[in-house]
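Asker: These are the residues of each chain, in order.
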Amino acid sequence: MKTKDEIWELRLYIAGNTPKSQTALSNLKKYCEEHLKDKYIIEVVDLLVKPQLAEGDQIFAVPTLVKKVPEPIRKIIGDLSNEEKVLVGLNIRPATK
Amino acid sequence: MSLAASDKHNSPLKSLPKSPTGISGLDEITQGGLPAGRPTLICGSAGSGKTLFSIEFLVRGALDYNEPGIFMGFEEKSEELAQNVTSLGIDLNQLQHDKLIKLDHVHIERSEIEETGEYDLDGLFIRLGYAIDSIGAKRVVLDTIENLFAGLTNQGILRAELRRLFEWLKQKKVTTIITGEKGDGTLTRHGLEEYVSDCVILLDHRVNNQISTRLLRIIKYRGSMHGTNEYPFLINEKGISVLPVTSLTLDHPVSSERISSGIPTLDKMLDGKGFFRGSSILVSGTAGTGKTSIAASFANESCLRNERCIYFAFEESPLQIIRNMHSIGLDLQKHIDKGLLKFQASRPTLNGLEMHLVTIHNQIKEFKPSAVIVDPITNLITVGSVSDVKSMLMRLIDFLQAEQITVLFTALSLNNVVNEQTDEGVSSLVDAWLLVRDLEANGERNRGMYVMKSRGMKHSNQVREFVITDKGLSMIDVYLGPDGVLTGSAREAQQLQEVTGTVLREHAVSRKDREIERKRLVLESKIASLKEEFESVQDELNKTYIEDELRKEVMDKNREQMTRSRHNE
Numbered sequence: 001m002k003t004k005d006e007i008w009e010l011r012l013y014i015a016g017n018t019p020k021s022q023t024a025l026s027n028l029k030k031y032c033e034e035h036l037k038d039k040y041i042i043e044v045v046d047l048l049v050k051p052q053l054a055e056g057d058q059i060f061a062v063p064t065l066v067k068k069v070p071e072p073i074r075k076i077i078g079d080l081s082n083e084e085k086v087l088v089g090l091n092i093r094p095a096t097k
Numbered sequence: 001m002s003l004a005a006s007d008k009h010n011s012p013l014k015s016l017p018k019s020p021t022g023i024s025g026l027d028e029i030t031q032g033g034l035p036a037g038r039p040t041l042i043c044g045s046a047g048s049g050k051t052l053f054s055i056e057f058l059v060r061g062a063l064d065y066n067e068p069g070i071f072m073g074f075e076e077k078s079e080e081l082a083q084n085v086t087s088l089g090i091d092l093n094q095l096q097h098d099k100l101i102k103l104d105h106v107h108i109e110r111s112e113i114e115e116t117g118e119y120d121l122d123g124l125f126i127r128l129g130y131a132i133d134s135i136g137a138k139r140v141v142l143d144t145i146e147n148l149f150a151g152l153t154n155q156g157i158l159r160a161e162l163r164r165l166f167e168w169l170k171q172k173k174v175t176t177i178i179t180g181e182k183g184d185g186t187l188t189r190h191g192l193e194e195y196v197s198d199c200v201i202l203l204d205h206r207v208n209n210q211i212s213t214r215l216l217r218i219i220k221y222r223g224s225m226h227g228t229n230e231y232p233f234l235i236n237e238k239g240i241s242v243l244p245v246t247s248l249t250l251d252h253p254v255s256s257e258r259i260s261s262g263i264p265t266l267d268k269m270l271d272g273k274g275f276f277r278g279s280s281i282l283v284s285g286t287a288g289t290g291k292t293s294i295a296a297s298f299a300n301e302s303c304l305r306n307e308r309c310i311y312f313a314f315e316e317s318p319l320q321i322i323r324n325m326h327s328i329g330l331d332l333q334k335h336i337d338k339g340l341l342k343f344q345a346s347r348p349t350l351n352g353l354e355m356h357l358v359t360i361h362n363q364i365k366e367f368k369p370s371a372v373i374v375d376p377i378t379n380l381i382t383v384g385s386v387s388d389v390k391s392m393l394m395r396l397i398d399f400l401q402a403e404q405i406t407v408l409f410t411a412l413s414l415n416n417v418v419n420e421q422t423d424e425g426v427s428s429l430v431d432a433w434l435l436v437r438d439l440e441a442n443g444e445r446n447r448g449m450y451v452m453k454s455r456g457m458k459h460s461n462q463v464r465e466f467v468i469t470d471k472g473l474s475m476i477d478v479y480l481g482p483d484g485v486l487t488g489s490a491r492e493a494q495q496l497q498e499v500t501g502t503v504l505r506e507h508a509v510s511r512k513d514r515e516i517e518r519k520r521l522v523l524e525s526k527i528a529s530l531k532e533e534f535e536s537v538q539d540e541l542n543k544t545y546i547e548d549e550l551r552k553e554v555m556d557k558n559r560e561q562m563t564r565s566r567h568n569e
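Residue numbers (UniProt numbering), protein chains in the order written: chain D, 1 to 97; chain E, 1 to 569.
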């Protein structure tokens, strides 16, 4: 279901440099390199630094990965350890194989 | 003259610090408010007023106690919430603008969320912490945090995180309200009461006879005394008010001042002075015995004394009462124009007893009357059981006596058992009880009135006939004729008969007087003629006597001459 010209805008919300955020970030990078090479932007937001951003994206759990583009907006919470779920959540692979 | 109230806080130990809710009545029950700096759980079924309750807590805190608050909603959007509470006169947008309240809507959409692996709720903590710091909040509401359970599947994490959240809130020293939907057999659907153990308040919404009552109960309040009853509460345009079911003490001040009932002859029956100020009076009677007229006279009299009076009518509309009272010569309109009299008319079925009680409370607090009339209380039976009505009236009387307001109830009594009970139930509460009765005899109906009881004064034990004329109300002594008690036209007939009797008797007396006079005259003339006769007899007698005397004198003279002539020879 991927379109050639689309860019995945991903934002990863973390709260400080915790093991969980480390895992999440490295997992995310790994998946993106595998499936979305050169078609993604990852922005890491540390809520400890910018707490005011939590409200805008309706963040209540960390780490949370928010996919803003392409639509629809999806949120994936957790350390992104389940590759299958992350890929489904990011619309990289259709839910029904 | 109040007796010393029960000792309340005599302990030298520093008691639990409390954060006043500002909700009228609740602070009394909790003896000061919710535990400061700790979380409180408010649970209840849908529509029981949890959100409103927590909003009121925040708004009062912000406005009255200078404690800004955060409202974190998991259900309603901030704009919707602001709109919903506008009906209660709360302007959340303005409060947000003034940095007294901050609304934060946590939107959890199941379909947008995937969970993979480990996570925590630090996002929520940070959000909340940021909000608290941005306005220096002292109060926090989490409404309804259980929605997290619907959005997230990993209950293990969630529960651990909630526990951490409440601990964290305690450390933050904010007074928190957490609302929770009532579950099946548990206080909350997901067992939040496990985590919030300081104070739990249960809100309930019950419908009896199609009339709903909201009830509040404090299930638990660690480290503090609290009222344990179910307290009815109300939500109206002024927010929430909780009513303590009974005032705990009977220590209201009493007055020995007497006020007129507006019916001079009735005052006479009451030791000549009328009722005590601040007492409660019940006027009961069957239909059409003039209870409303008595009530209106009392209202009129209060207004004539330049005192305010409020009239709660449950049967007639104000205009109807005003029109009807014209027929007995009472002009109530002029008192209304002067602002001394206020009518509050509603059908009893408009709302539950509690709502009525609160309406009455609010009206009284606003209008500050010195006399209150509730006409009639019997109609309240339609919205509650006898014991409910009694408990409501008891609270009303307590409240009024504490405020030194005289209250007059009217009650309709039918000749059936239920209403006899009502009378009984209420009559033990009131200070004075007037009973108006129909006396039916000789094909007509008359009203009789007597004072059933009147605490603290000498009162008449007589049944008086109660007459309603176009000049007002009056009491007439019942005529005790040879055949028993007479009223109405029988009394009038008897009175007329008596007048006739008097006239006849007077006539008879005067005729006898004349005859005696005549007899006297006759006798007197007889006496006169006898006197004359006596005088002539006397004359006659005198005549012979003088002749005898003369003769004797002459003879004596002759004898003397003869004797002298013999000696001289």
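In short, the hints are calculated from the structure, not lab data. Be careful, since some hints might not be right.
Partial pick of chain E residues on the chain D-facing surface, computed with a CB cut under 8 Å [unchecked claim]:
#, residue
1, Ile113
2, Glu115
3, Thr116
4, Leu124
5, Tyr130
6, Gly185
7, Leu187
No residue lacks a Cβ here, since even glycine has one placed at the ideal position from N, Cα and C.
Asker: Next step is simple, just say for each hint if it's right about the structure.
Answerer: To see whether the hints hold, each was checked on the structure:
no., hint, verdict
1, Ile113, "holds (5 Å)"
2, Glu115, "holds (5 Å)"
3, Thr116, "holds (4 Å)"
4, Leu124, "holds (4 Å)"
5, Tyr130, "holds (4 Å)"
6, Gly185, "violated (29 Å)"
7, Leu187, "violated (24 Å)"
Hint check: violations occur at hints 6 and 7; the rest are consistent with the structure.
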